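Numbering (the working numbering), first residue to last: 1 to 384.
Accuracy of the hints is not assured; some may be wrong.
[Stated by the list, open to error] Below, a list of computed lysine-lysine pairs in the PhoX-like style, where the Cα atoms sit at most 20 Å apart:
| no. | residue 1 | residue 2 |
| --- | --- | --- |
| 1 | Lys2 | Lys79 |
| 2 | Lys335 | Lys215 |
| 3 | Lys112 | Lys79 |
| 4 | Lys345 | Lys381 |
| 5 | Lys35 | Lys5 |
| 6 | Lys112 | Lys73 |
| 7 | Lys8 | Lys162 |
| 8 | Lys374 | Lys345 |
| 9 | Lys345 | Lys335 |
| 10 | Lys335 | Lys381 |
| 11 | Lys128 | Lys79 |
| 12 | Lys73 | Lys128 |
| 13 | Lys5 | Lys127 |
| 14 | Lys79 | Lys127 |
Simulated from the structure, these hints should not be mistaken for laboratory data. Remember, predicted model here, so these are calculated numbers, not experimental data.
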Amino acid sequence: MKYRKFGKLDWEVSALGFGVMRLPTTDGDPAHIDKPEAIRMIRYAIDQGMNYLDTAYMYHSDQSESLVAEVLKDGYRQKVRVATKMPVSMVEAPEDFDRFFDEQLRRLQDDKVDFYLLHGLNAPVWKKSLDFGIIPWAEELMTLGRIDRFGFSFHDDYQVFKDIVDAYDNWTFCQLQYNYMDVDFQAGRRGIEYAAANGLAVVVMEPLRGGMLTKEPPPAVAEVWGDNALQQRSRVEWALQWIWDQPEVSLILSGMSTMAQVEENCSFADRSAPGSLTADELALVGRVREAYQGLIPVPCTACGYCLPCSSGVEIPRIFQVLNDATMYGDLEMGKLRYQGHLGLKAEECADRCIECGECLELCPQGIPIIDWLKEAHARLKLEQ
Numbered sequence: 001m002k003y004r005k006f007g008k009l010d011w012e013v014s015a016l017g018f019g020v021m022r023l024p025t026t027d028g029d030p031a032h033i034d035k036p037e038a039i040r041m042i043r044y045a046i047d048q049g050m051n052y053l054d055t056a057y058m059y060h061s062d063q064s065e066s067l068v069a070e071v072l073k074d075g076y077r078q079k080v081r082v083a084t085k086m087p088v089s090m091v092e093a094p095e096d097f098d099r100f101f102d103e104q105l106r107r108l109q110d111d112k113v114d115f116y117l118l119h120g121l122n123a124p125v126w127k128k129s130l131d132f133g134i135i136p137w138a139e140e141l142m143t144l145g146r147i148d149r150f151g152f153s154f155h156d157d158y159q160v161f162k163d164i165v166d167a168y169d170n171w172t173f174c175q176l177q178y179n180y181m182d183v184d185f186q187a188g189r190r191g192i193e194y195a196a197a198n199g200l201a202v203v204v205m206e207p208l209r210g211g212m213l214t215k216e217p218p219p220a221v222a223e224v225w226g227d228n229a230l231q232q233r234s235r236v237e238w239a240l241q242w243i244w245d246q247p248e249v250s251l252i253l254s255g256m257s258t259m260a261q262v263e264e265n266c267s268f269a270d271r272s273a274p275g276s277l278t279a280d281e282l283a284l285v286g287r288v289r290e291a292y293q294g295l296i297p298v299p300c301t302a303c304g305y306c307l308p309c310s311s312g313v314e315i316p317r318i319f320q321v322l323n324d325a326t327m328y329g330d331l332e333m334g335k336l337r338y339q340g341h342l343g344l345k346a347e348e349c350a351d352r353c354i355e356c357g358e359c360l361e362l363c364p365q366g367i368p369i370i371d372w373l374k375e376a377h378a379r380l381k382l383e384q
């Protein structure tokens, strides 16, 4: 296993961390983890040198933290550092911070958390956290030794990310969605550079874009990859090595679901290093990105000028779902992200558009938004 600096800490983290959120289950229900197999998988990774486990209050229908406690018996607790997260979106009053944190310690069967994050920050959730006094609350727990290091995971645009980094001097780390398709998505590459420049360790999540980058690519993308590139590395390894190539990244989190994935990713991590890809290899990944982007049907940049819609339609999110479903050839996942259990609320969907035309005047791209909303709903609606 290769190791990398974790921000300003005098400690090195394994290049690969285990995201305890996509474990095998006994019947497809996230709450019903296949515990023997999950424990075997995670302990195998630890035995290979992996020293960072990432969980959260809500993962696996609130069962992930308890599973971690089982994994870390028999001397394994001393081999890793554990990260978990405050479910800030569920907090309704300042006293909820203590209630959630105490419950997490009980689940983890521990008296402290090594790395504690605010989960899924965006502008409104960050404002609520500040209003409820999250910073003094966390500092008190660090003084008491119940939290070692404090950080946040993030889902919003770059300016919000920068504001959060600048708002507190004692962040240790941040967790961002990043992969070779998401260079400019949310905080993106600019966020990674800004965090590293400010001494924060950078933890990357969704390196395979929720598995989209592991799928058989459409013909236009497959042609760019070519046979030689895929003989040299699998699609998974190309995606991971592209991130590990960047020295600002401390580690990649992978939510592994099978022992084969664990074994494969550990072997990839063994071959990782900053600056290991050649200029030609980086250019190839760039051409692959461009080939995927060339399949996008709606040229929406998610600038948000069309919002708020007077009818409540989430225009940029709908277009992102449609674009992703088209780019990666996964209409069924698109439907789930649109109207399924992962999807928008009914009142946010495209069929709520009343064709008032306000968005047409505001869109700097000149997109025929009303027509594309109709097309998106036709393609993505779930069959009754």
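- [ ] Quickly compare the C-alpha distance for Lys112 and Lys73 to 20 Å and report which way the hint goes.
- [x] Holds - the C-alpha atoms of Lys73 and Lys112 are around 16 Å apart, at most 20 Å.
>> Please verify whether Lys128 and Lys79 have alpha carbons no more than 20 Å apart.
In response: violated, 35 Å
Exercise. Please work out if Lys79 and Lys127 have their alpha carbons no farther apart than 20 Å.
Key: violated, 36 Å
Worksheet item: Does Lys345 lie within 20 Å of Lys374 when you go C-alpha to C-alpha?
Response: Distance of about 17 Å is within 20 Å: holds.
**Report entry** Restraint check for Lys35 with Lys5, where alpha carbons must lie at most 20 Å apart
**Finding:** Judged against 20 Å, a Cα distance of about 32 Å means the pair is violated.
* Asked: Does Lys112 pair with Lys79 here, judged by a C-alpha cut-off of 20 Å?
  -> holds, 15 Å
query = Taken at face value, is the distance from the CA of Lys215 to the CA of Lys335 at most 20 Å?
reply = holds, 17 Å
Within 20 Å, alpha carbon to alpha carbon, are Lys335 and Lys381?
Since the Cα atoms of Lys335 and Lys381 sit roughly 6 Å apart, the hinted pair holds (cutoff 20 Å).
Quickly compare the C-alpha distance for Lys345 and Lys335 to 20 Å and report which way the hint goes. Holds: Lys345 and Lys335 sit about 13 Å apart, inside 20 Å.
- Mind checking the alpha carbons of Lys73 and Lys128 for me, to see if they're no more than 20 Å apart? violated, 36 Å
Lys8 paired with Lys162 [C-alpha distance capped at 20 Å]: holds, 19 Å
Proposed proximity, Lys79 with Lys2 (alpha carbon, max 20 Å): holds, 15 Å
Checked against the numbered hints given earlier, this structure breaks hints 5, 11, 12, 13, 14; the rest are met.
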